[in-house]
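> Take a look at the letters that make up each chain.
Protein chains: 4
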Amino acid sequence: MQAARLHEYTEEMSEALTVEEIDRPELERSDHVLVEVAGAGWCQTDNHVIEGMWTEYVPQELPMTLGHENAGVVAEVGEEVTLVEEGDPVICHPVQTCGICRPCRLGEDMYCENSAFNGLTTDGGFAEYLQTNERAVIPLPDSVDPTEIAPHADAGITAYHAAKKAVRELNPGDTAVVVGIGGLGHIGLQCLEAMSAADVVAVDIKDEALELAERLGATHTVNSSEEDLAQVVDDLTDGGGVQQILDFVGSDETAGYGTEIAAAGADQHVIGYGGHIHEPCQALVDGELSLKGTLVGRYAELQELVALVDRDLVELHTSRYDLGEINDVAEALEHGEIEGRAVILPP
Amino acid sequence: MQAARLHEYTEEMSEALTVEEIDRPELERSDHVLVEVAGAGWCQTDNHVIEGMWTEYVPQELPMTLGHENAGVVAEVGEEVTLVEEGDPVICHPVQTCGICRPCRLGEDMYCENSAFNGLTTDGGFAEYLQTNERAVIPLPDSVDPTEIAPHADAGITAYHAAKKAVRELNPGDTAVVVGIGGLGHIGLQCLEAMSAADVVAVDIKDEALELAERLGATHTVNSSEEDLAQVVDDLTDGGGVQQILDFVGSDETAGYGTEIAAAGADQHVIGYGGHIHEPCQALVDGELSLKGTLVGRYAELQELVALVDRDLVELHTSRYDLGEINDVAEALEHGEIEGRAVILPP
Amino acid sequence: MQAARLHEYTEEMSEALTVEEIDRPELERSDHVLVEVAGAGWCQTDNHVIEGMWTEYVPQELPMTLGHENAGVVAEVGEEVTLVEEGDPVICHPVQTCGICRPCRLGEDMYCENSAFNGLTTDGGFAEYLQTNERAVIPLPDSVDPTEIAPHADAGITAYHAAKKAVRELNPGDTAVVVGIGGLGHIGLQCLEAMSAADVVAVDIKDEALELAERLGATHTVNSSEEDLAQVVDDLTDGGGVQQILDFVGSDETAGYGTEIAAAGADQHVIGYGGHIHEPCQALVDGELSLKGTLVGRYAELQELVALVDRDLVELHTSRYDLGEINDVAEALEHGEIEGRAVILPP
Amino acid sequence: MQAARLHEYTEEMSEALTVEEIDRPELERSDHVLVEVAGAGWCQTDNHVIEGMWTEYVPQELPMTLGHENAGVVAEVGEEVTLVEEGDPVICHPVQTCGICRPCRLGEDMYCENSAFNGLTTDGGFAEYLQTNERAVIPLPDSVDPTEIAPHADAGITAYHAAKKAVRELNPGDTAVVVGIGGLGHIGLQCLEAMSAADVVAVDIKDEALELAERLGATHTVNSSEEDLAQVVDDLTDGGGVQQILDFVGSDETAGYGTEIAAAGADQHVIGYGGHIHEPCQALVDGELSLKGTLVGRYAELQELVALVDRDLVELHTSRYDLGEINDVAEALEHGEIEGRAVILPP
Ligand SMILES: [Zn+2]
Ligand SMILES: [Zn+2]
Ligand SMILES: [Zn+2]
Ligand SMILES: [Zn+2]
Ligand SMILES: [Zn+2]
Ligand SMILES: [Zn+2]
Ligand SMILES: [Zn+2]
Ligand SMILES: [Zn+2]
Ligand SMILES: [Zn+2]
Ligand SMILES: [Zn+2]
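Residue numbers (the UniProt record's numbering), protein chains in the order written: chain D, 1 to 347; chain H, 1 to 347; chain W, 1 to 347; chain P, 1 to 347.
Keep in mind that the hints were calculated from the coordinates and are not lab data.
Some hints here could point you the wrong way.
Given that identical chains are not distinguished, each listed pair holds provided it fits within a single copy or across any two copies.
As the list claims (entries may be wrong) - Below 20 Å or equal to it, Euclidean Cα-Cα: the simulated DMTMM-like pairs (lysine to aspartate or glutamate) are:
#1 Lys-206 <-> Glu-339
#2 Lys-165 <-> Glu-193
#3 Lys-206 <-> Glu-226
#4 Lys-206 <-> Glu-253
#5 Lys-206 <-> Glu-227
#6 Lys-165 <-> Asp-286
#7 Lys-206 <-> Asp-228
#8 Lys-165 <-> Asp-88
#9 Lys-206 <-> Glu-334
#10 Lys-165 <-> Glu-28
#11 Lys-206 <-> Asp-252
#12 Lys-206 <-> Glu-337
Turn these sequences into a full structure, and let the hints steer you where they fit.
Right under this line is the structure:
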């Protein structure tokens, strides 16, 4: 089968992956599931993997097929699989968990001690077929198109996971700030709208992004390259500050927003990454600010996100590309030139 | 009356405060309470106030009587006070709150929008008398000596507040790390012991502090100037890491412990301050680490801490000094030479 | 001033209250507030008070002016009041709390140990003026009409309080059941819609009520006098049952719904009352069903509800009556003949 | 192998089960585990199963080997099992879960949609061997004797599960009431002591049970056949009532304790069963009392309980019997004549 693989870490996106012919994966365990990929979202994390930025955090062996945002149709199942059968459309949670370790038993899929992460620690879905397991697939309702929903497998669930944590702390009359209305942020914004009655301030440096935010329900928009965010927030909240910040950018600058615009007891959810946090401890102590790292989300949360999509409460902006164009996509995202979320279509 | 007052910010502790004669405070509101001070704890925060380190966080006008850890006996009450009367022994929550703003209505005393903080934004208790209000005093049970309990008004409640947040996330079999077994840390450790069944690892650079920790129930102790904390934790937890970190030190070094020893989904409570946090966003994202600033605690939490003291579940190590020795105490704490918690006794 | 007062408990609604001339209340404390009433909602609880049904639960002295759902304009304030001043439009939380007892300090206004409940334990607002206190009034935004919002002071906040508890447990894909789409239920339904993405099943015995529910966003409606609720729920949830039940009726029959339609781990919120719960303990044990009594709501929750109203997320159906018609209203509600929520207008 | 089996529902305990020779179970799935039983606790639920009291709640086919509180040594494992191997000592969570359904993914083992419950819906452990699965076994530390810990598989985890829910709501200074200091209650009491600093009132009708409670740390004991519980609680709590009630009895009488002794906002955990709840809805509404059914506990909670046992924080009183004496045990428990917890030893 065709697959787009990384052979060497590089800063050069235009030649990052090699599209080549490899063997179709074989099912080796009774709970394995083979999925014929209908679509695979391209993600900022793919760029980070190519740059070698994950080598100190997770075990990685090259060459590896990238792609962790997959949906498709079940092609084959292990002998003890009961949840799905051949022909079922599914979305694939990116992490294949064991179901046995203590984190798994607590529902904390992302902390599984025996997991494989598609396209990060094991072969992913920029390919015709993806091997995953029963605990990683979610059957799709008829209303949902696998190609269209693919990016939700990571972009969607990551945004949903952060939004769900924020919603728990948001009351009517409170304000949330969404920083970065891109692939993840525009989903996070919709999740906040669907699950809370809080006011939402959308922050970006592109006016089109802010127009999208407005259309998706943002109460206010701020172009942070032109306006002083701290001042705007101060005006909007009568000096009180905001209760929740969802930072989908994670630059040096946005990482510092919490100390400028947060109400007492607020959370800043650190979702995007790339930049640094640099604050005096006292800046967190005064006002009891929390900086909360957040990473993908649970299997059960992806079920909940599928329910939102099924009810038309979350829409996703995608643009489609062939597998052969994959390095162009990598390059384009690096320069912020992808409209919506790129979905790669295998041949 | 006699009071120890700050006239100018300075790095020179040995001459920081002036003990002088000022007017006894007058009660101006129907809810005011005048307390004859029986003891006032000296705190690292007093050193920080003297250095001017709080000027950019709170409004401060000099000269000001310092002292935010007070207990004593009610000397006079405003006309609508019902909770206490003349002669009642009380401990004083350091913050005089309004009871009217939204944070007050949510029980979030520390976030009150109309508050006065003894010894930080208004005159405190290094004096014969302290003016406070009905919402800031807690009647003491007979078993408790006001002079002895005074430091709990801030050191105690700050430690309790952080420990209570940690306990909510600690299950039997989990591990908590207490960094710094000083005035706050030795209380935090006892709160963890009283309210959870988690294993507790005590970290300090002084062996006497670690001996105290052991006597107070710590499961393990680590002298971080001699042992490699990350290695010790790795061994103790079979590579799993710890669930909760309570950093009572807040130096550049301790602020980084979370990324070295935390289990997935862990919290590092930032309690001590003075140092900086400096981490890549990715270090928080991977493993979903949270850095949570924490500041003093609620009035209701001070009630709970008094209940612990009343049940002999938390003991406090104090050494007593006269008001005239106050600058010696400031100097001694700066050099880590105070044994237990210093309590200043007014004349 | 004119006031509608209860002199004797009775089952006879048509002569329950006496409209008579009494003295306008005097402010006696520094935090007292006198409100000129713009509207006062009539409530099922008023019928229950008239019947003497609250005598074994709270202290009550007759004669008493009824009326606990009030809004109006501040006419006079005690000397230490800062939150409002003469002329400010306000809604009145029905409970005047002390701000000093431990429940108050925890934000639990309903559990205050020194409270007065308008129209239940002290004179209420079926009158020209109502005496309340600073901790019970919430300033209204300009967009909100005091007469129109009055019933939210109890009907609204009670529904909001229950809905907020339910929302905390409701994920997308889950189902909530609202039993009784009357004065409270139609607000509860809107609160669920505004703050969650769960499916909502509305249950009533009147078709007009169900039409209203549908218009307000209910996913499904069930006329329980014609359809078998358990069967409908079974079909809708593939046999899984519902996660949250909000029972605004509280009859013998509705009190038993939980054991018929609940998913494992579900909550049945007991809001309406009048009937009995009668279940074997085993019926709660198997499936871990919780029956949760719920009563009015916190001051901070009424702030949140005002924010929802201000954002047009909750609408209220009212019909207006003069103070002189008050016994007709009592009689009509007893027979289920009030359209929307009745609001009494003082002369 | 020898097994004690139920062939017919009966009220006659002395002849309830037949000890007979049946085939040793065969492993049929890759995750199956065969355990050589070292001990099997006898439980009030076994009496209830014999009486047919569970037939309307779960599917049951006779004959069936009873016994749901098991520990022993792994005798054989399915081919994909990695958690344990032959020779490992284990305790058996009573429910074999699927790991695939949504409740399993949320960590809610007791709500699994594809589960088998040892001795309740499938053959249990009053036998030489028990077939279970990888998701139901927990490896034991060396310090723990399988025979001795067996009853924790249900009695222990049920008590722990309820205690853990209660602890979340218990602050220092609060009071919990434990009703029934028998097989479950004496464990629940120890869990409360280990994980909270609340005062604990133990209630029973036998003085020996109360002596045990006192030795295990109860703050107060009440013989409810001699003393007026409501009066005692009123005195102990200055009229405030208790925050948490754990009812391990579940009789008509104890089910009503909540409305007599609860503080506002309290929970009554319904753990024991047999009796009925009969209350006016208003009794729950006034004071916001919650009645919370609770059933066994999660796998992760059994891990936590094993950690408590390993740290000597929970002790268990057992008396041992041969398999041939099993009907005598059934009869004796029915008359309250078992000292501690009965453990059946297979031949
Ligand atoms: Zn991604
Ligand atoms: Zn796992
Ligand atoms: Zn730096
Ligand atoms: Zn201090
Ligand atoms: Zn305030
Ligand atoms: Zn009402
Ligand atoms: Zn109060
Ligand atoms: Zn049992
Ligand atoms: Zn399951
Ligand atoms: Zn009955």
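> Hint by hint, note whether the structure agrees.
Evaluated hints:
1. Lys-206 <-> Glu-339: Within. Shortest intra-copy distance 12 Å satisfies the 20 Å Cα cut-off; inter-copy 50 Å does not.
2. Lys-165 <-> Glu-193: both (14 Å within a copy, 19 Å between copies)
3. Lys-206 <-> Glu-226: within (10 Å within a copy, 52 Å between copies)
4. Lys-206 <-> Glu-253: within (16 Å within a copy, 38 Å between copies)
5. Lys-206 <-> Glu-227: For Lys-206 and Glu-227, only the intra-copy Cα distance (12 Å) is at most 20 Å; the inter-copy one is 50 Å.
6. Lys-165 <-> Asp-286: Result: close only across copies, 17 Å inter versus 22 Å intra.
7. Lys-206 <-> Asp-228: For Lys-206 and Asp-228, only the intra-copy Cα distance (15 Å) is at most 20 Å; the inter-copy one is 47 Å.
8. Lys-165 <-> Asp-88: Neither way: Lys-165 and Asp-88 sit 31 Å apart in one copy and 37 Å across, limit 20 Å.
9. Lys-206 <-> Glu-334: within (16 Å within a copy, 50 Å between copies)
10. Lys-165 <-> Glu-28: neither (37 Å within a copy, 41 Å between copies)
11. Lys-206 <-> Asp-252: within (18 Å within a copy, 36 Å between copies)
12. Lys-206 <-> Glu-337: within (12 Å within a copy, 56 Å between copies)
The structure does not agree with the numbered hints 8 and 10 stated previously, though it agrees with the rest.
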